[in-house]
Each structure stands twice: as structure tokens, then as C-alpha cells.
Amino acid sequence: MSEERDLTMSEALNEALHEEMERDPGVFVVGEDIAGLGGLFQVTSGLLDRFGPQRVIDAPISEAAQAGAGVGAALVGCRPVIELQIADFVSLVMDQVVNHAGKWRYMSGGRVTVPFVLRGAVSSGIGMAAQHSQTLESWFVHAPGLVVIMPSTPYDAKGLLKAAIRDDNPVVFLEKRLLYSRRGPVPEEDYTVPIGVADVKQEGGDVTLVSYAAGVHLGLQAARQLSREGVSVEVVDLRTLKPLDIETVVASVRKTGRLVVATEAARALSMASEVVARVCDEAFDALEAPPVRVAAKDTPMPYAAPLERAVLPQVEDVVAAIHQALGRVEVG
Amino acid sequence: MDDLEKLLLSMWQIRAFEVRAMELFEENLIRGSVHPYVGMEAIAVGTCAALGPADLITSTHRGHGHCIAKGLELKLMMAEIIGREDGYCRGRGGSMHITAMDKGMLGADAIVAGSSAIAVGAAHGLRLQGSDGVVVCFFGDGASNQGILHEACNLGAVLSAPVVFVCENNQWAISTPAAASTRIENIADRAAGYGFPGVVVDGNDVLAVREVAAEAVARARAGEGPTLVEAKSYRITPHSAATKTDLRPPEELDAWRAKDPILRFSRLLAEEHGVEPGRLEEIEARAKQDVEEAVEFALASPRPEPEAALEDVYAPADWLTAGRLA
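Line by line, the protein sequences are chains X and E. The numbers in our numbering rise by one with no breaks, and the one at position 158 of the first sequence is 158. The numbers in our numbering rise by one with no breaks, and the one at position 101 of the second sequence is 101.
Hints are not guaranteed to be accurate.
Cβ pair distances, simulated, as ranges [what the hints assert, rightly or not]:
#1 Phe284/X / Thr321/E: 54 to 64 Å
#2 Arg257/E / Ser91/X: 39 to 49 Å
#3 Asp24/X / Pro249/E: 36 to 46 Å
#4 Ala218/E / Arg5/X: 45 to 55 Å
#5 Gln131/X / Gln129/E: 58 to 68 Å
Below, a sample of chain X positions facing chain E; criterion: calculated Cβ distance under 8 Å [claimed, not checked]:
#6 Cys78
#7 Asp95
#8 Gln96
#9 Gly109
#10 Arg111
#11 Pro144
#12 Ile195
#13 Ser227
#14 Arg228
#15 Gly230
#16 Pro243
#17 Pro300
#18 Pro302
Okay, the calculated bits of chain E under chain X, using three or more residues with CB under 8 Å as the criterion [to be verified]:
#19 226 to 240
#20 257 to 263
In case anyone wonders, no lab produced these hints; they're calculated from the structure. All C-beta atoms in this analysis are idealised placements derived from N, C-alpha and C, irrespective of residue type, glycine included.
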């Protein structure tokens with residue numbers, strides 16, 4: 001019998017790594033300052049003592065080589081987990097991830113598998129400026145052969161990371177840094193959260209708000225504000241961006257007739273654009289108003305707080321978007 | 001057939017395969033391109049002769065020689081580069097992406113230097129699994145100036161990974177001579193910067209290559225870390241079957257033709273090992289016959305069905321079975 005307990009998202013991810021490394025000796029972790037220090041955000045804390053330096057590797061600052069080494073280890077049957085200290089460093093590993101991890105199986109005619117996980121901390125919202133604050137999941141969604149995951153709660157983080165490690169495909173797993181310290185219930189027992197299944201975080205009847213990662217919390221806050229006006233918002237957390245659970249989104253839109261999609265990434269070719277397009281493909285008839293996208297501005301991330309707030313979507317932006325989705329109907 | 005004759009056969013198979021592949025390209029039976037390994041046969045054959053069945057290799061866009069030397073089936077290789085269903089990759093990869101894990105071939109990589117870190121990771125993975133296998137990473141002189149190779153050499157060094165980096169210095173990157181790409185004479189000298197040995201070897205001398213490779217492989221297997229072997233050679237044929245212009249000086253080409261590794265090894269076998277001329281001809285003829293049979297097999301193999309283009313993007317997974325892929 002496990003007691004109900006709360007963990008932070010860092011603790012939940014750490015527990016997932018402990019459990020999976022215990023379960024499978026082929027799982028190992030590579031990254032910068034992840035061994036002795038336990039990672040800048042403590043996600044790999046305690047792993048070195050438990051599993052030793054062959055499986056918990058403090059690598060040189062060579063992100064591309066870390067990712068490439070992960071691909072090689074995966075090809076021979078290991079399950080490497082590579083930690084990018086800051087998710088922006090994906091630009092340094094793109095060739096290894098997109099040209100190698102995502103394609104090796106296909107190019108081989110299905111003769112190999114590449115079970116690797118690339119984790120990275122999305123660090124916007126705390127004044128880390130333009131090279132440490134990007135939200136770049138769309139780059140990976142656009143590339144064939146990858147799975148892309150962005151959790152919003154400690155429960156999902158633990159279950160999805162465990163599922164990602166066990167999956168035989170290369171997974172890009174992006175964690176919002178501001179969520180690391182957020183607490184939530186996490187069972188002690190072994191569980192996974194299925195890849196490719198969205199989660200309705202709050203039921204509602206008037207409008208569907210689709211988001212993921214930190215955007216889910218924006219959506220839930222907006223929903224609380226709007227409930228005072230008598231507006232009932234259904235909040236759908238995608239959790240996995242590729243594969244995309246469009247069925248859950250469409251089912252919600254068929255119920256509410258209105259769609260707002262929020263992302264902390266820049267708007268063009270974003271998940272918000274993709275979800276809107278897919279809903280138009282599959283349920284245009286259900287829409288009672290044009291869908292609305294909420295996204296970051298198309299600028300490098302500025303440093304000063306008022307500037308960063310102006311670029312990143314805020315709760316009031318989500319509220320305004322929902323008003324817009326509802327208002328169009330009232331006008332009609 | 002003794003070990004030395006097997007080396008000669010393997011070199012002749014590579015030569016015959018490449019010559020035939022270039023012909024098939026001209027006949028429009030091969031798409032895209034073919035990067036022939038002609039003139040460099042001693043490097044792959046000498047290196048792979050130092051490997052056991054548990055050892056792995058990574059390869060390059062100029063990879064047919066590595067595949068043949070590692071023991072891949074000529075028939076399945078030829079079917080692949082002609083784009084047929086029976087090919088190693090069912091026609092998905094083509095000339096530049098042949099992969100055969102059952103033969104220890106991790107895959108050919110058409111991104112120059114792209115597989116260097118993959119080799120390091122595979123080597124570390126083998127060790128985690130309790131295997132004493134070694135990984136050989138083949139790359140060219142052009143690759144030696146890529147950033148990932150530097151990162152991979154350094155990471156391999158700090159992990160003491162059982163990996164051997166084999167630089168095939170064929171002197172030219174399409175039309176740019178190696179001397180225009182680096183200010184050092186020997187790429188092997190860069191090994192000092194990583195804290196492991198660098199060795200220069202005559203890449204047209206198959207026995208010298210085998211000896212140097214055996215030492216590097218033994219060192220890696222013993223847990224002493226990587227070695228950088230630089231095999232000096234030359235590609236006799238153009239960069240690729242699709243590259244018709246060749247800026248290399250004709251007299252330089254002639255000089256290297258005279259150092260042909262196959263003819264040189266044949267002479268050695270005749271003069272120092274008493275192999276009869278008739279036996280040498282027999283080995284050459286058998287290699288050509290093997291390649292002809294591979295071509296026949298490949299041409300008889302079915303073309304892939306268009307629907308197969310959508311297969312194997314992902315490995316089997318619950319979410320895939322459930323049809324959740326968007």
C-alpha cells in the first residue's frame with residue numbers, strides 16, 4: 001500500500017531514473033555535471049552513488065558527442081538518457097538527433113532500433129535571456145522518426161520518462177525548468193503514462209483550451225478566472241506532441257465547439273498551428289468560431305523582466321484568446 | 001584458401017564490386033551516386049582482418065569496401081544499391097547507408113564524421129554489456145576537420161572507450177587537397193591532443209595496415225583506450241560516379257596507380273610466398289564471378305512496393321499499434 005505523497009517534478013524525474021536504472025542494467029545517463037552534482041536541477045541526484053561512474057557519466061562539454069554516443073550505445077542495445085543542461089543546446093546536437101537518431105532505423109530498413117532519450121531543461125521565464133530560454137519542440141516534431149514529450153505535472157513526468165526509457169524509439173523529452181519545483185501527487189509504485197495519450201486536466205463545456213507543459217498551468221489559471229464569469233473551460237494537456245493524440249482534442253472540440261491552443265513557443269509552425277490545422281482537417285464542422293492561437297512573440301528572448309513578460313504568453317493572453325473564441329460566436 | 005589469399009580475394013571483391021557499380025550507375029540502374037573505394041582496398045581489408053566477430057565498425061559514404069571487408073554478403077549489398085527489396089535495408093538506404101548488425105556493421109553514415117561519436121557510444125555500450133568487443137570508426141581526411149570528430153576523440157579518450165579511429169587519408173576531399181584543409185602533415189599527430197597514440201601507416205600495404213590495426217585493437221580491448229590510425233592512400237577513381245570533373249593532376253594519379261595495393265600485394269604473394277601466377281588469376285576471377293552473381297541476384301530481386309515507404313519509421317510500440325501516430 002503506497003501512501004499518497006507529493007513530490008516536485010525534479011524528484012519525480014529522479015525517481016523515474018532510479019527505478020528504470022534499477023530495472024534495466026542497459027539504462028545509463030550522460031550529461032554535464034550530472035554525476036557528483038546530480039545535475040543543475042537535481043534530476044540525476046544520487047544516481048552516481050547507486051550505479052557508479054560507468055552508468056552515470058559526467059561528460060565533457062560536447063553535447064553533440066554526448067548525443068552521438070547515445071545513438072551508438074542504443075544501436076548495441078543499451079538505453080541511454082542524455083541530459084542537455086539547457087534545452088537551447090539542442091542546436092548543438094541537431095545533426096546527431098535529426099540526421100542519425102531519427103533516421104537510423106528507417107535507413108537500415110528496420111534492422112536496428114535506437115532507444116534513446118534526450119532530456120533538456122526549457123528555461124524561459126526566469127531571465128536567462130536569448131540563448132537559454134527557447135522553446136524548440138517544433139524542430140523535433142517536424143523531423144521524422146522522433147517521439148516528443150513535454151510533461152506538465154510531477155505525476156506525468158515520472159510516468160512519461162519511464163515510458164520514454166522503455167520505448168524502442170528515440171525520444172526528445174523537454175522539461176520546463178519553472179515546473180521542476182512544482183509539487184504534485186506521485187505514487188511510489190511502478191507506473192508508466194502511455195505515450196501518445198493526452199489528458200483532460202479539467203473538464204468544461206464552453207471552450208477547449210489545448211496546451212502542454214507550462215501552458216497547461218496558464219490554461220488552468222485562466223480557467224479559474226473565467227469560471228467567475230460563468231465560462232466553463234476544458235483544459236486538454238497534450239503531454240506527448242509526437243505522436244499527437246488528436247482524437248482527445250477533437251472529442252473535446254466536438255463537445256465545446258470552440259478551440260484555443262496555447263504554447264510558449266513562437267507561433268509560426270508551432271504546436272498551436274499544428275493542432276489548429278489538425279482540428280480543421282478532422283472536425284471543421286464542429287467549430288462554431290475560428291480557432292485562436294496563443295504563442296510567444298517571434299523575437300529572441302529578451303532579458304529584462306517586463307520585456308520577457310511581453311514576449312511570453314501570460315494568463316491574461318489566454319483569457320483574452322478565450323474571450324475572442326467566445327465573442328465571435330456572440331457576434332454571429 | 002589461406003589467410004593471405006583471403007585478404008587478396010577480399011581486395012579483389014571490393015575492386016570488382018566498385019567497377020561494376022560504376023558501370024551500373026552509367027546504365028541508370030543505380031540512382032543518386034556511388035563513391036568508389038578503388039585504390040583504398042588495403043585499408044578496410046587490413047583493418048577488418050584484425051577484428052573478430054564481436055567487433056563492430058562504422059562506415060562512411062565511401063563504405064562498400066568496409067562492408068565487404070567486414071564480411072557482408074555481396075548479393076545483399078548489390079541489391080541494396082540497386083534499390084531492391086532483398087537489399088540489406090530493403091531499398092531504404094542505398095549505397096551510402098548499408099547496415100548489417102548481424103555482421104557487426106553499425107551502419108554507413110553519409111554525414112562526414114557523423115558516426116564518430118556513435119562509434120564511441122557503441123564501444124561504451126559494449127563494455128557496459130560485458131562484451132570485450134571493439135569498435136572501429138572509419139573516416140576520411142576531410143572528416144578530420146569536423147567538430148564532432150574532435151568531440152568524439154576527446155570523449156572516447158576520457159571514457160577509455162574501446163574504439164579505434166581509422167583515418168583514411170586519400171588526399172582529396174572532392175576537389176580540395178588535404179594540404180589546403182590543414183597545416184599539419186600527419187592527421188595522426190592530432191592524437192597527442194587527446195592523450196592517445198597516433199600512428200601513420202602506408203594505407204596501400206595491407207599487411208602493414210593489419211599489423212597496426214591489430215595493435216590498436218588489442219590496446220582498445222585491454223581497456224587502454226583509443227588509437228588514431230592514419231592510413232595514407234589515394235582514391236584512384238573520381239569522388240563519385242556522379243562527379244565527372246576531376247581537378248587532380250594526372251601525374252599524381254599515375255604515380256598512385258603505380259602503387260596499386262592489389263597489384264602490390266599480388267607481387268608480394270608471388271615473390272615472397274610462392275603463390276603461382278595461375279592461383280593469383282584464379283582469385284581475381286573468383287572475385288569477379290562473385291560480383292557477377294551479386295548483380296544477377298540484385299537484378300532478379302523485386303522492387304519495393306510503394307506502400308513500404310511508410311514502414312519502419314518507428315520501432316514497434318504500443319502507441320503505434322494503437323494507431324496514435326499523427
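Hint check:
At roughly 29 Å, the beta carbons of Phe284/X and Thr321/E sit outside the given window of 54 to 64 Å. Between Arg257/E and Ser91/X the CB atoms are about 45 Å apart, so this pair conforms to the stated range of 39 to 49 Å. In this structure the supplied range 36 to 46 Å is violated for Asp24/X paired with Pro249/E, their Cβ-Cβ distance being about 57 Å. Checking the proposed 45 to 55 Å range against Ala218/E and Arg5/X shows it holds: the Cβ atoms sit about 53 Å from each other.
For Gln131/X and Gln129/E, the hinted distance range of 58 to 68 Å is not satisfied, since their beta carbons lie about 38 Å from each other. Interface restraint check for Cys78/X: the shortest CB-CB distance to chain E comes to about 4 Å, inside 8 Å, so the restraint holds. Interface hint status for Asp95/X: upheld, as the beta-carbon distance to the closest one in chain E is roughly 6 Å, under 8 Å. Interface restraint check for Gln96/X: the shortest CB-CB distance to chain E comes to about 7 Å, inside 8 Å, so the restraint holds.
Taking 8 Å as the C-beta cut-off, the interface hint given for Gly109/X holds, the closest approach to chain E being about 4 Å. The interface hint given for Arg111/X is met, as the beta carbon of that residue sits about 6 Å from the closest beta carbon of chain E, less than 8 Å. A cut of 8 Å between beta carbons decides the hint on Pro144/X: the least distance to chain E is about 6 Å, and the hint holds. Here the hint on Ile195/X is kept, as its CB sits about 5 Å from the closest CB of chain E, short of 8 Å.
Checking Ser227/X against chain E by beta carbon gives a least distance of about 31 Å; that is not within 8 Å, so the hint is violated. With a least beta-carbon distance of about 35 Å to chain E, the hint placing Arg228/X at the interface is violated under the 8 Å criterion. Given the 8 Å rule on beta carbons, the hint for Gly230/X is violated: about 34 Å separates it from the nearest Cβ of chain E. For Pro243/X, the shortest C-beta to C-beta distance to chain E is roughly 4 Å, which falls under 8 Å, so the interface hint holds.
At its closest, the beta carbon of Pro300/X sits 24 Å from a beta carbon of chain E; the interface hint therefore is violated under the 8 Å criterion. Hint status for Pro302/X: violated, given a least beta-carbon distance of 30 Å to chain E, over 8 Å. With 0 residues carrying a beta carbon less than 8 Å from a beta carbon of chain X, the region 226 to 240 of chain E misses the three-residue requirement, and the given coverage is violated. For the region 257 to 263 of chain E, the proposed coverage by chain X is not satisfied: 0 residues have a C-beta within less than 8 Å of a C-beta in that chain, short of the threshold of three.
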